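Residue numbers (our numbering), protein chains in the order written: chain H, 1 to 502; chain F, 503 to 617.
Incorrect hints may have been included.
[Stated by the list, open to error] SDA-like cross-link-like pairs, simulated, lysine to any residue; straight-line CA separation at most 25 Å:
#1 Lys592/F - Lys234/H
#2 Lys19/H - Lys234/H
#3 Lys419/H - Asn432/H
#4 Lys598/F - Val367/H
#5 Lys498/H - Ser576/F
#6 Lys498/H - Lys592/F
#7 Lys613/F - Glu150/H
#8 Lys592/F - Glu309/H
Everything labelled a hint here was simulated from the structure, so no lab data went into it.
Small disclaimer: the values here were computed from a predicted structure and weren't measured.
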Amino acid sequence: MNNSIERIISIDISSNSIKIALVSDHLRIEHTTRQNIKIYNEDIDGFSKRIDMNDLWYKIKFAINDIIKNHKTTDLNIIGISTCAQRIACVFLDKDGEPIYGGPNTDVRGIDSAYLIDDAFSEEELFEITAHNPSLLFCLARLLWFKEEEEENYKRIHKILMLDDWLGYKLSGVIYTDLTSLAESQLIDIKKGNWSSEIIEEFDIDPNLFPPILESGSQIGYLNSDLIPSFKTKNKNIPIFKNGADTQLSLLGMGAINKGDLGISLGTTAPLHLVLEKPYIDPNMTFWTSYHSIPGRYILEAHAGNTGELYNWFKKSFLKYISEDPDTLIASFLKHSKPGALSTFAYLGPELMNIKNQTSIKRGVFVFPPPMMISDALPTLKDFARSIIENIAFGIYENFNALKKFQITNVFCGGGMSKSKEILKVIANVLNTNLIVPEYKDTSFIGGAMNVLIALEYFKDYKTIIDELIKFEIIENDPSLIDKYTQLYLQWKNIKKKIDNL
Amino acid sequence: MSFESIESCLKEIEDRYNTNEKVKKKLANYDEPIQITFLDSNRSVLLLINKDQGIDIKTNTSDENAPIKIEFSSEKVMFDLFNKEIGAVKAYSDGKIKVVEGKIRNLMKLKSLMF
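Just chain H, same shape as in the assembly (with noise of 0.2 Å):
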């Protein structure tokens, strides 16, 4: 390996941002900068959205310009660019290379035109070949809107690409996708790792209109040269590789590589994937079924809803105003009080997968002991933002549950909720298994750069990178709280179930 230190950028486009950073080839996070996403509705409903790609494109380009600036001294040497993109984003290309449309993870528009889909498969049908529903969310029944309801827009579709395709197709004017971005797409069959003649010949899709199929974390090309005097980068041959879905990249960050291996990703959602060495469709449609970005190796996911977001909204709302530091207030609110102190339990969201159920939107609800002149326990403040953490907690625990029949044998965590102690805590011992940590918890970026050390040959394998680069901590659950966090899950779900009615 070379002794010198040189960097890699690693970008990904997530749910809100566009996050990137300077990653030494030691696995050192040394900067990082962040630019929020435009994305607008399309209609009063909100059911159509597009993310503004010159927008887009113009914050990545400065975000990149950022990251160079930043770094003090004149010897950086970027031997990669990492990419990675938000999972179901897609955009349509016109022949000359433009956007024609480019949708955020969030647009639903589909809803309009999956019954195509609808009429032509069974949802058993479509589940063996996809594993993954519902129909109205993927590129797939977007495709199918655009045929429908802008025809014009249709004819000019020159290439359709997952959001993470474009990504490295602007920085390397190569066009390439992977299966990590494809399977979220409803355009490919799972077991057979390749586009869906079924599924294309069905909805008489030009072929041609798709990219060439790389393994993630293949180098596509070099970086524009047109970029480079935009860059200022001192490297004329910077090569670009491209990943894929960024949760699939942060399993890698994390560390989860190995059949067993269960991550979480707690980001603005909580994907839990379990690691598998062969594919498998869950007979119930309820669990997705994709790719890891390590070749041969497929990942079952259960998905506890939007943690993050919720956690994030708790801190806007509540504690704004009260405490320029929310993050540490919200751990020293969980370091001094008890598991489901005072009765209080939220049912704001995060529960067990089943998106394809989802009919309506549930309401949220806190229950508590209110104020009455026989008691004076009330909850305060800190109570409710516990009782947000444990609805966080038996989220994912339901989810960790449904997987716990594949034998889980190591359980790790990332992401942007990770990096609280008391939080980790807390979820170890809803989910009483010890949680296994990496230093760094932007594991999106640790990930790109360890498919770059791969590629560039640095490194024979990705155990090898992580035994020598990554440190992890252990957060051992604690065997006295196993009865209490048991017995308040099942008060909470009994709970569930009547305000689920609501």
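Position chain F against the provided structure of chain H, taking the given hints into account.
Below, chain F without anything else, positioned relative to chain H:
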């Protein structure tokens, strides 16, 4: 056009079905009863869609066995939806519309008819 009564909204549903080819195409394979209940007036409406062959709207009628049941918290919610004063997603998240029963596959087909 302004919608100020349930009857005018139901007429609009009928018109959309009869005049909008896209709506009819979506419902070409659909033939299950839809029950709508307004909780403030306790009024029930039954929509009977016979694929692309016709629609029959029965007011003050309910079918306990209807595979799709939708509740509106008030009749005004339906006027607001048809007058585009509120979006369907907002009405859902505010709890003003609730799907009591129904498969997501069927509900998607009904969107263009009702929202």
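Cross-check of the supplied hints:
1. Lys592/F - Lys234/H: violated, 51 Å
2. Lys19/H - Lys234/H: holds, 22 Å
3. Lys419/H - Asn432/H: holds, 20 Å
4. Lys598/F - Val367/H: At roughly 21 Å apart (the allowed maximum being 25 Å), Val367/H and Lys598/F satisfy the hint.
5. Lys498/H - Ser576/F: With Cα atoms ~22 Å apart, Lys498/H and Ser576/F stay inside 25 Å; holds.
6. Lys498/H - Lys592/F: holds, 23 Å
7. Lys613/F - Glu150/H: The given pair, whose Cα atoms are some 18 Å apart, holds under the 25 Å limit.
8. Lys592/F - Glu309/H: The given pair, whose Cα atoms are some 18 Å apart, holds under the 25 Å limit.
In summary, the structure is inconsistent with hint 1 from the numbered list given earlier, while agreeing with all the others.
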